[in-house]
Amino acid sequence: MRHIQKPIDSEVLQRNLTYKKKGQRPELRKILEREQNGFCAYTDKHFKSEASTIDHFKPQSQLQEGEDGYHNWFAVSYTVNVLEKRAKWKTPILHPNDPTIEERIWYKEEKNDSGKTIIVCEYAPDDKAAKNFVEIINLNKNILAEERAASLSRLRKLKTSLGMEGIKAYLKEEPLNIDFHHLTEWELNTKIYP
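Under the numbering used here, the first residue of the sequence shown carries the number 14, and numbering increases by one thereafter.
Hints should not be assumed to be uniformly reliable.
[As the list claims (entries may be wrong)] The calculated DSSO-like cross-link candidates involving lysine-lysine, where the alpha carbons are at most 30 Å apart (straight line), are: (1) K185 with K172; (2) K124 with K19; (3) K185 with K141; (4) K43 with K129; (5) K19 with K101; (6) K129 with K19; (7) K121 with K204; (8) K61 with K181; (9) K121 with K101; (10) K19 with K144; (11) K35 with K61; (12) K172 with K141; (13) K129 with K181; (14) K101 with K33; (15) K141 with K204; (16) K181 with K101; (17) K181 with K141; (18) K35 with K101; (19) K33 with K121; (20) K181 with K204; (21) K129 with K33; (22) K124 with K98; (23) K121 with K19; (24) K154 with K71; (25) K33 with K71; (26) K170 with K154; (27) K101 with K34; (28) K129 with K172; (29) K170 with K141; (30) K124 with K144; (31) K154 with K121; (32) K204 with K170; (33) K43 with K185; (34) K35 with K124; (35) K61 with K33.
Just so you know, these hints were derived from the structure itself, not from any lab.
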């Protein structure tokens with residue numbers, strides 16, 4: 014998974030935007046998308062092919078007075094089942110802006126029951142916070158695991174035809190061709206965005 018950085022000089026904070034004011038939500042969502050480089054905070058999938066929404070990472074029903082705000086809001090794929098997330102919420106849970114998330118959740122290539130290659134998210138067996146994040150967000154649901162595998166297959170074909178330096182240059186020039194941000198960095202062993 015990718016660490017979501019929340020800039021201290023975010024436009025959200027500078028303009029004092031809030032989720033509570035319905036008229037501000039579209040602008041808030043656009044800013045969150047930009048800050049996340051167009052990728053879902055949970056699935057790491059690019060928004061180019063689907064709509065996004067704002068999600069409160071810690072569900073509103075679980076929040077204490079004053080807990081909600083910019084650091085709890087993320088742009089996520091509209092298809093992420095946030096209702097299911099609220100029903101399954103438990104702690105401890107790894108937060109998307111935790112700087113250790115990239116070391117604590119990683120990808121593994123395996124075969125599903127029908128023999129099809131999939132890419133799943135893994136974590137250390139004793140890392141309960143990472144386990145809860147993967148399970149609550151449902152990061153290993155079959156369709157997402159298959160989409161990751163298809164993206165990785167395309168990436169490997171590009172790598173074969175363009176070479177390592179060629180594909181890095183291509184993806185920097187054509188960032189919309191990156192389907193899964195951290196998966197791409199994982200495969201290429203390089204940072205694409207700072």
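Right, here's what the structure says about each hint:
no., hint, in the structure
1, K185 with K172, "holds, 14 Å"
2, K124 with K19, "violated, 35 Å"
3, K185 with K141, "violated, 35 Å"
4, K43 with K129, "violated, 36 Å"
5, K19 with K101, "holds, 25 Å"
6, K129 with K19, "violated, 37 Å"
7, K121 with K204, "holds, 19 Å"
8, K61 with K181, "holds, 20 Å"
9, K121 with K101, "holds, 24 Å"
10, K19 with K144, "holds, 23 Å"
11, K35 with K61, "holds, 24 Å"
12, K172 with K141, "violated, 35 Å"
13, K129 with K181, "holds, 28 Å"
14, K101 with K33, "holds, 24 Å"
15, K141 with K204, "holds, 27 Å"
16, K181 with K101, "violated, 39 Å"
17, K181 with K141, "violated, 35 Å"
18, K35 with K101, "holds, 27 Å"
19, K33 with K121, "violated, 39 Å"
20, K181 with K204, "holds, 9 Å"
21, K129 with K33, "violated, 44 Å"
22, K124 with K98, "holds, 26 Å"
23, K121 with K19, "holds, 27 Å"
24, K154 with K71, "holds, 21 Å"
25, K33 with K71, "holds, 16 Å"
26, K170 with K154, "holds, 25 Å"
27, K101 with K34, "holds, 27 Å"
28, K129 with K172, "holds, 22 Å"
29, K170 with K141, "violated, 36 Å"
30, K124 with K144, "holds, 20 Å"
31, K154 with K121, "holds, 14 Å"
32, K204 with K170, "holds, 19 Å"
33, K43 with K185, "holds, 22 Å"
34, K35 with K124, "violated, 44 Å"
35, K61 with K33, "holds, 27 Å"
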